[in-house]
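Chemist: Based on the provided sequences and hints, a complete structural model is requested.
Going down the list, the protein sequences come from chains A and B. Here the first sequence is numbered in the working numbering, starting from 1 and rising by one per residue. Here the second sequence is numbered in the working numbering, starting from 1001 and rising by one per residue.
It is worth saying that the hints were derived from the structure and are not from the lab. For every residue, glycine included, the Cβ atom is placed at its ideal position computed from N, Cα and C.
Covered, in the sense of this in silico footprint (three residues per stretch, anywhere, with C-beta under 8 Å from a C-beta of chain A), are these stretches of chain B:
1) 1063-1074
2) 1097-1106
3) 1113-1119
4) 1122-1132
5) 1138-1147
6) 1150-1159
Some chain B residues flagged as far from chain A (calculated, every beta-carbon gap over 10 Å):
7) Q1038
8) Q1043
9) P1057
10) S1162
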Amino acid sequence: MTEESLRALLIDRELGELTPEAADLLQSWLADHPGSNAELAQVRETLQIARETVRRFPDLGRPEPTVTSIPRASFRALPLALAASVAVLLALSGWIGFQAGLASAPVGVVEKTQIQPDPIRPPERGPWTKYALVSSPQGGLTVVRTEDN
Amino acid sequence: MSAESEKAELETIFRQCGNDLTAYFARRHGGAAEDLVQESFLQLAKRLGRGEKPRSPRAYLFGIARHLSMACFRNQQTGREQELRCEEEVAAEETDERLSRAREVIAALPPLQREILDLRFMHGLSYGEMAIALAVPVGTVRSRLHNALGLLREKISTEEKSTSNL
Chain A
1 MTEESLRALL IDRELGELTP EAADLLQSWL ADHPGSNAEL AQVRETLQIA
51 RETVRRFPDL GRPEPTVTSI PRASFRALPL ALAASVAVLL ALSGWIGFQA
101 GLASAPVGVV EKTQIQPDPI RPPERGPWTK YALVSSPQGG LTVVRTEDN
Chain B
1001 MSAESEKAEL ETIFRQCGND LTAYFARRHG GAAEDLVQES FLQLAKRLGR
1051 GEKPRSPRAY LFGIARHLSM ACFRNQQTGR EQELRCEEEV AAEETDERLS
1101 RAREVIAALP PLQREILDLR FMHGLSYGEM AIALAVPVGT VRSRLHNALG
1151 LLREKISTEE KSTSNL
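Modeler: Dropping the structure here:
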């Protein structure tokens, strides 16, 4: 048994905090180790001094609030320069990302969103009446022959 | 719980704990002890009325007493504090030098350890009762008490060695 453990058990026994079984075991151990009597004497002396001191000075036992709430994590304010740097980096990366997004937009997306103009119909009479101008799938306008001519 | 049985229970608890509680408050607050004891039992009565059943009424009462004492100290008049300090200084002068040194050691302990020493050696609360009154685990009470006594022992041993070397 370590010195610390022995001291703790002796204190518990002197204060009546050991179970009867534990107290008997300790007593047997003490009987087998007579050198531990010195430690027992010291424990008893310390307890006596503590008892007398506490009774003599009532201010020692003044209750004080104990912390029971979980302490908040302390906030450490970033240095101003560091905060500004972070803000600049975020803005820059956002701008770069936007530009990259614009540049990588697929071809035809803009075209597909274009409003298809109505086909331009030629006048009802003349050489061009059998032709019509319509939008080309490839973009721009093209001439097609109309079926009724 | 019926009003009559509640009253009987309170009377029983008062008979068991009234003197200890009075001593607890008298040491700290002098003439206000009686009022504080009454307030403690009023708070206990309210809790019993709410259906709470404390395992250890004595420990429960000391827990209430502790909070009332803290509140009382916060509201205490400056004059009374000065009076207590004067009494303390006079007591210190008349005290055994060894107790004065022990007082220094104990005064330097964290508040919880000091309070544990007081509850144990002045008011005789057990480890379990102190745990309830202080709202800490029993293991904490035990370890803090051992730590406090260990420091006191160390101080006494150091002083004895320096004295024997003279």
